[in-house]
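Counted from 1, the sequence shown has number 318 at position 265 by my numbering; the numbering is strictly sequential.
Calculated from the structure, these hints are not laboratory results. Misleading hints may appear alongside valid ones.
[To be verified] Below 20 angstroms or equal to it, Euclidean Cα-Cα: the simulated PhoX-like pairs (lysine-lysine) are:
| id | residue 1 | residue 2 |
| --- | --- | --- |
| 1 | K602 | K702 |
| 2 | K268 | K285 |
| 3 | K161 | K234 |
| 4 | K559 | K602 |
| 5 | K528 | K702 |
| 6 | K196 | K214 |
[What the hints assert, rightly or not] Quick list of the computed label-pair ranges, beta carbon to beta carbon:
| id | residue 1 | residue 2 | range |
| --- | --- | --- | --- |
| 7 | G362 | S384 | 14 to 24 angstroms |
| 8 | G396 | R581 | 15 to 25 angstroms |
| 9 | L72 | G380 | 16 to 26 angstroms |
| 10 | A125 | H240 | 48 to 58 angstroms |
| 11 | Y85 | H240 | 14 to 24 angstroms |
| 12 | G380 | E475 | 47 to 57 angstroms |
| 13 | D563 | T644 | 50 to 60 angstroms |
Positions of the beta carbon are idealized from the N, C-alpha and C atoms, including for glycine.
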Amino acid sequence: MKSIRGKILFYMLMTVLVLLSILGLTSVSLTYISSRTLLEQTMGETAQIAAVRVEQELISYANVATDAGAVARLADFSQGAQAKQEIINQWCEAHGFIRGNIIGTDGKSIFDGTDYSDRDYFNKSMQGNTCISDPLLSRTTGKISIIVSAPLWEGGVPGSKVVGVVYFVPPETFLNDIVSKVNISEHSAAYAINADGMTIADNTIETIMVQNIEKEAQSDASLKSLAQIHTKMRQGESGFDSYVINGVRKFSAYAPIPGTAGTNGWSIGLTAPQADFLGSTNLAIICTGLLLLVSVVVASVIAYRLANGIGVPIKQCADRLRALAEGDMHSPIPQIKKKDETGILAEATEKIVSTTRDIITDMGWGLSEMADGNFEIESNSQHLYIGDFQPLAASMYKIMEQLTATLLRIDGSAEQVASGSEQVSVGAQALSQGTTEQASSTEELAATIADILRQVRETAQNAEEAHVRSIDSGKETEVCNRQMQEMISAMNEIEHKSTEIGNIIKTIEDIAFQTNILALNAAVEAARAGVAGKGFAVVADEVRNLASKSAEASKSTSALIEGSVKAVHKGTQIANDTAESLSKVVESAQTVSHLVDQIAAAAAEQSNAIEQVTVGVDQISSVVQTNSATAEQSAAASEELSQQAQMLKNLVAKFKLRRSQREGSMIS
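Please build the complete structure, drawing on both the sequences and the hints.
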């Protein structure tokens with residue numbers, strides 16, 4: 054992702070570059086358009102002036118020839134050729150012609166007999182017209198020449214009969230001299246073409262009547278654009294255009310030479326390389342480019358400083374906040390001494406880091422204290438918990454409050470379990486002692502019954518004594534019965550107490566389950582808090598482990614109590630059976646008492662009855678022994694339960710808990 058510094062730098066440079074480019078291109082374009090417009094106007098006017106100049110020169114020559122045609126002496130055939138030659142020479146000398154000539158109506162020179170009858174200018178002049186020929190190869194000198202001819206009038210009267218043709222030959226380079234004087238730049242040039250497109254005037258004589266651009270363009274594609282200009286020139290148009298030849302772009306202005314004296318179709322052209330006129334434009338382009346470069350450099354420096362002034366502080370703050378998100382609380386905060394938004398950002402970053410660090414430190418201290426078992430703590434940084442931090446503080450307080458309440462309940466339950474287990478232990482010991490006494494009484498009863506049996510077998514005479522003893526035995530049996538009833542009552546009490554202990558253990562299990570749920574919720578909240586909640590997660594895990602151990606201890610104790618309850622229930626049932634047996638013994642004793650008189654007669658039956666009693670007594674002895682063993686087991690279980698309860702109390706005692714629900718907490 055691009056940095057804001059890079060974006061500011063990029064967009065500023067792009068803006069400056071685009072604006073300066075638009076400004077530079079606009080300036081260059083306007084300069085180019087202005088220069089081209091001015092050049093078009095200047096070259097067009099120059100071409101027009103050159104055309105007029107040629108026209109004037111040609112008219113001047115044509116007038117001289119016309120005037121010569123009206124010289125009567127030249128038309129008078131009575132004059133000799135020598136005289137006429139002298140006149141012609143005088144005219145040539147007077148008007149700057151190279152030579153002159155007079156052609157008879159037969160087309161032959163009167164001076165040297167050269168035949169000119171096939172010349173176009175001769176035929177036109179014979180028709181009464183003054184004519185200026187295209188450059189042609191002179192039959193006299195063999196050089197390219199322009200012929201200015203006029204009709205020779207009979208008697209020197211214009212409009213009369215044409216009796217011959219007089220012509221003069223201007224200097225061979227007069228057209229070249231005219232166009233060579235047309236100069237608008239260092240490398241400019243002027244030329245003229247005729248109606249056929251042939252070059253009739255140029256800076257060099259080698260192209261005269263030799264060069265035809267339109268024809269050459271048919272085989273040379275590079276001349277196509279110039280040939281199109283020549284076509285317009287031949288058609289008598291004037292204008293301004295450009296073309297490329299040999300890789301050089303040139304401007305061209307052209308204008309027709311006004312059609313007088315038979316010169317229709319002639320046109321003059323003016324050319325100049327584009328570089329001659331657009332040097333200032335090129336200079337402007339270079340200057341604009343340099344200005345653009347300098348502006349970009351200056352803008353780059355300004356943009357760089359501005360981007361650094363904005364981007365660097367933002368990046369520093371972003372890096373510090375990223376480090377904070379990764380758990381770095383102690384790296385230095387960027388110091389930005391500015392009064393703009395970056396300074397505000399730096400202050401906000403510093404406040405975020407310091408506040409977060411203080412909150413984490415405060416919560417870490419609180420969690421550390423709770424991990425050490427100290428729940429009697431209060432925060433000294435309550436002012437930090439504002440805004441969205443308030444729910445965090447409330448959750449922290451709620452966790453501490455719930456743990457405190459849970460541990461207090463565990464402590465109370467452990468106290469009750471310890472107390473109940475002590476009572477159960479005392480009852481079990483009493484039950485054991487009672488069953489021991491019952492065993493002793495049962496043994497005595499067995500001995501007595503044995504004596505009775507022996508007495509019954511020995512003599513019936515001892516019936517009375519047996520009656521007495523049976524009464525005593527009945528009393529003892531009643532005592533035993535009462536003791537058995539007391540034992541049953543004690544067993545019922547043990548069963549009732551065991552049920553209460555089971556309820557207490559269930560309460561402990563519920564507390565352990567709720568503590569485990571609270572620990573799981575705390576672990577979930579710690580996981581949501583991320584790295585900042587690791588310490589709290591450890592504490593939550595320890596509380597969950599403690600709750601699990603408490604649950605396991607409660608389950609073990611519950612299992613032991615359930616075993617004790619079952620044993621007590623079984624002992625109670627046996628005691629009930631014993632009570633029933635004792636009741637029967639009492640009834641038997643009463644029967645014996647009532648039937649003493651019949652003892653002798655029923656000795657055998659009494660013997661059998663006594664044997665049955667002996668069996669019953671044995672059963673009672675067995676039951677009593679079982680009750681004794683059960684009581685001992687109950688006592689042992691109660692002792693184990695008491696030890697478990699004491700261990701639970703010792704674990705809870707490790708925590709410093711608030712014993713009253715007063716105002717104040719670690720975080721309020």
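>> Of all the hints numbered above, which does this structure not satisfy? Sort the numbers upward.
In response: 3, 5, 6, 8, 9
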